[in-house]
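Quick one: dock chain against chain with the hints and give me the complex.
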Amino acid sequence: MILPFTIVQLVLACVVGLLCVALGLAGRKPNDLTVLSVGTVGLLVIAQVVVAIVAPFVGNEPTGSLLEFWMYLGTAAIIPPLAIVWALIERNRWSNVVLGAAAFAIAVMTWRMEQIWSVQLA
Amino acid sequence: MSAQPRTRASGIGRVLVAVYAVLAMAALGRSIFQIIDRFDEAPIAYSLSAAAAVVYVLATIALATGWDRLAWVTVSFELVGVLVIGTISVVVPELLGLQGASPFGPKATVWSVFGAGYLFIPLVLPVLGILWLRKRSRAAVEA
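Chains as they are written, first to last, in our numbering: chain A, 1 to 122; chain B, 1 to 143.
Okay, chain B solo, but in the shape it has when bound (with noise of 0.2 angstroms):
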């Protein structure tokens, strides 16, 4: 039908790249500074908040380029990665060193409480993206 190649985001995708970008920049930002500032408070949860940034970064960039791939990949990790450390941080916060922690506080991750410091953001975007990626696939299945 269209002759335009279909590998780069385009319309609404761009839209998801772009709020991947900003959510990336976030993560990445707050994570550097508490590794930066007090990293001995709690290691394991700024060490996952470290990680789930590169994830976001490596995601953005995915799906900027229309390397599906790795799109799924990193989309589907960040997935598990709100829900897991999410419900960890819900039920047993002392586990990762945040008792007592608020998800708009200073040890506030990127997923703690499903991201709730982030307007839940990081527990939306993902579903978002997998819905995408699959449209996308199919799009060029029929194509």
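In isolation and in its complexed conformation, chain A is listed as follows (with noise of 0.2 angstroms):
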């Protein structure tokens, strides 16, 4: 993984969790800015996978297990798709937290698996 790439994702994903969640809380229902934003993370998701595909080839090896790290980032890649189905068959304010929920996910598990890629704890 590359750090700052990876903090971009991770700050991105908190802000689009907030607006999301506050949105909803707010009693908005989901419209093009909480979806698209959403879909914005997802598509980071996708960037994380190409980068990690490519990255042992250059020389940017995981220090942890690469099969705990794809279990993340195979799981991270489909939560934004379905919270975004979710979020399009039941229009309602409750969406946007499950959009936000999802947001927030999306930044624990980045966090993890650049964790799992570069910091060795044990």
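These are computed hints drawn from the structure, not numbers from a lab. Just so it is clear, CB atoms sit at the ideal spot from N, CA and C, and this is done for glycine as well. One thing to keep in mind: the hints can contain errors.
Claimed, not checked - Derived DEER-like restraints, expressed as beta-carbon distance ranges:
#, chain 1, residue 1, chain 2, residue 2, range
1, B, 12, A, 54, 39 to 47 angstroms
2, A, 15, B, 54, 31 to 39 angstroms
3, B, 139, A, 28, 21 to 29 angstroms
4, A, 60, B, 69, 45 to 53 angstroms
To be verified - Over the 10 angstroms line for every Cβ pair with chain A, so calculated as not near, a few chain B residues:
#, residue
5, 14
6, 25
7, 47
8, 69
9, 87
10, 88
11, 128
12, 138
13, 140
14, 142
What the hints assert, rightly or not - Reference excerpt, derived from the structure (chain B facing chain A, CB under 10 angstroms, subset only):
#, residue
15, 12
16, 21
17, 30
18, 33
19, 36
20, 68
21, 81
22, 83
23, 84
24, 86
25, 116
26, 118
If you want it as structure tokens, here you go:
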């Protein structure tokens, strides 16, 4: 993984998470802003998949378990699309909160992936 | 009052289902990995972790489909689990083969130190689940 890219992804996911939860609690239904911002978070996860495939070939090897890393990344890749489908089917305020929760989940998982890739605790 | 069937989760209950789904995925994924990768290191802890994960999956399904009896059983099981295993992991970690293990480290399970490695969501979620189930059953009685 590339640390600056991870940080951008983390910050964006947190901002999107806050935005969606706030709009949901304010009673707003999902709209272009919330759906597309979670879509952007999802696209960055896909970009992370590309980075993770290419990085080992250019000397950026993971220090932790590659299996564990890919389990996180694989799960992270399906969460935003699922949340968006949910928001499109159920058009009420709580779907915005669900979108926000998905974005926060991506933030946590991205942080864990960076840990697995470059920081070993034990 | 409303003609809508009360069987499916609605409103804020849907958020609960979504958060449960994410936690179920997190717990299941991590536990599968721990069992494949290093089951021998802490077999009791990792078995509990797997059991917890399966219960989270069942709870998610029960909450999503409005299967209230299963929801009560699974959500209560989680609350007891996180309290009992959380306490053991703090007071006598060697009982679970977890001595010296950080709640954020590779030996962490979903219930270690009351779910600290999962932002304490495993501790908070069953409480919210029980509150929501109570509200729902009360609403069903009044309807």
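The hints, checked one at a time:
{"no.": "1", "hint": "B:12 - A:54: 39 to 47 angstroms", "in the structure": "42 angstroms, holds"}
{"no.": "2", "hint": "A:15 - B:54: 31 to 39 angstroms", "in the structure": "35 angstroms, holds"}
{"no.": "3", "hint": "B:139 - A:28: 21 to 29 angstroms", "in the structure": "25 angstroms, holds"}
{"no.": "4", "hint": "A:60 - B:69: 45 to 53 angstroms", "in the structure": "51 angstroms, holds"}
{"no.": "5", "hint": "14", "in the structure": "5 angstroms, violated"}
{"no.": "6", "hint": "25", "in the structure": "6 angstroms, violated"}
{"no.": "7", "hint": "47", "in the structure": "19 angstroms, holds"}
{"no.": "8", "hint": "69", "in the structure": "24 angstroms, holds"}
{"no.": "9", "hint": "87", "in the structure": "23 angstroms, holds"}
{"no.": "10", "hint": "88", "in the structure": "20 angstroms, holds"}
{"no.": "11", "hint": "128", "in the structure": "13 angstroms, holds"}
{"no.": "12", "hint": "138", "in the structure": "20 angstroms, holds"}
{"no.": "13", "hint": "140", "in the structure": "20 angstroms, holds"}
{"no.": "14", "hint": "142", "in the structure": "22 angstroms, holds"}
{"no.": "15", "hint": "12", "in the structure": "6 angstroms, holds"}
{"no.": "16", "hint": "21", "in the structure": "8 angstroms, holds"}
{"no.": "17", "hint": "30", "in the structure": "8 angstroms, holds"}
{"no.": "18", "hint": "33", "in the structure": "5 angstroms, holds"}
{"no.": "19", "hint": "36", "in the structure": "7 angstroms, holds"}
{"no.": "20", "hint": "68", "in the structure": "19 angstroms, violated"}
{"no.": "21", "hint": "81", "in the structure": "21 angstroms, violated"}
{"no.": "22", "hint": "83", "in the structure": "23 angstroms, violated"}
{"no.": "23", "hint": "84", "in the structure": "25 angstroms, violated"}
{"no.": "24", "hint": "86", "in the structure": "19 angstroms, violated"}
{"no.": "25", "hint": "116", "in the structure": "13 angstroms, violated"}
{"no.": "26", "hint": "118", "in the structure": "8 angstroms, holds"}
Hint check: violations occur at hints 5, 6, 20, 21, 22, 23, 24 and 25; the rest are consistent with the structure.
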